[in-house]
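Undergrad: The residues making up each chain are set out below.
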Amino acid sequence: MSTRPANLNPTPSALKTILVVEDEVLIRLAIAEYLRECGYKVHEATHAAEAVAVLESPEVSVDIVFSDVVMPGEMDGFGLARWVRANRPGVEVILTSTVDRSAEVAGMLCEAGPLMKKPYEPQNVVERIKQLLAKAGRA
Amino acid sequence: MNAAKITPLRPPTALSVLVVEDDVLTRCAIADELRSDGYRVLEASSVADAVAILGTVPVHLVFVDLHVPGPRDGLRVARFAQDLHLPPRIILTSGKVRPEDLPEAAEFGPFVVKPYLITRVLDLIRTTLDPAGN
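Residue numbers (the numbering used here), protein chains in the order written: chain A, 6 to 144; chain B, 1339 to 1472.
Just so you know, the hints here were simulated from the structure itself, not pulled from any lab data.
Hints are not guaranteed to be accurate.
[Stated by the list, open to error] What follows is a set of in silico ranges between Cβ atoms, one per label pair, in the way DEER data are often shown: (1) B:1376 / A:126: 22 to 32 Å; (2) B:1469 / A:92: 40 to 50 Å; (3) A:136 / B:1458: 37 to 47 Å; (4) A:77 / B:1374: 24 to 34 Å; (5) A:122 / B:1455: 39 to 49 Å.
Built from N, CA and C at the ideal position, the CB exists for glycine as well.
All chains should be modelled from the sequences, with the hints used to inform the complete structure.
TA: Next up, the structure:
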């Protein structure tokens, strides 16, 4: 018997690709595997520079970037969101951060896009992805 | 995260491969091909990430670049893997040294010199995990 959440499309989008950007390896592994179980193709990046390399690659097509805000390196999640908006305007971005960090950076949210508070439920991440894909007409 | 709510799309007996590679596009390419082949693929870009995964998730094979960032680089990952209760198979790779330059590498398993063809790496992983070809 399937225990997949009832609101998940059984094959939501074999061709939809999510880029997960998260420096905490076990968190990245968990959410990336969950998204794969839900039928998405998932690429993993450990920080923003890796994410940019993936997004710039002609071999890779990405529909949604799901990124932590706080990451090592020169560019954080907000910087990555700005880069995506400037260079890959068709790609949607979902940012995630801890509650205290969310409050701290609340003023930047309008510019950067939706933000999910950590810890997040993976089902909610999928719901947000589906909403963004539907909004973009790519569901 | 509630793993009990997840219905795996891959076979429940899928073999797991840990790819330890700091070049994200190389890692993506290898990981994609392995997933297409039915493997569960775990990705690490550093020694610390690889050790964290090996200490948490059962892994059947580690494909590790010798020059990932971290103290004592990929050999440390190989040694950590080798010392696990159920040690995975190990395949080393490098674009900077050749196997003859690093004799201690021979104790771990096959050595793939970069640049490599992904199809050949996949063949090597298949045969390393299943020498009988079943």
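Undergrad: Given the hint of 22 to 32 Å, is the C-beta distance from residue 1376 of chain B to residue 126 of chain A inside that range or not?
TA: Given a distance of about 28 Å, which is inside 22 to 32 Å, the answer is holds.
Undergrad: Honestly, do residue 77 of chain A and residue 1374 of chain B meet the 24 to 34 Å range at C-beta?
TA: For residue 77 of chain A and residue 1374 of chain B the Cβ distance comes to about 31 Å; the hint holds.
Undergrad: Does the beta carbon distance between residue 136 of chain A and residue 1458 of chain B stay inside 37 to 47 Å, or does it fall outside?
TA: Holds: the Cβ-Cβ distance is about 42 Å, inside 37 to 47 Å.
Undergrad: So does residue 122 of chain A sit 39 to 49 Å from residue 1455 of chain B, Cβ to Cβ?
TA: holds (44 Å)
Undergrad: Taking the Cβ atom of residue 1469 of chain B and the Cβ atom of residue 92 of chain A, is their distance within the range 40 to 50 Å?
TA: holds (47 Å)
Of the numbered hints listed earlier, not one is contradicted by the structure.
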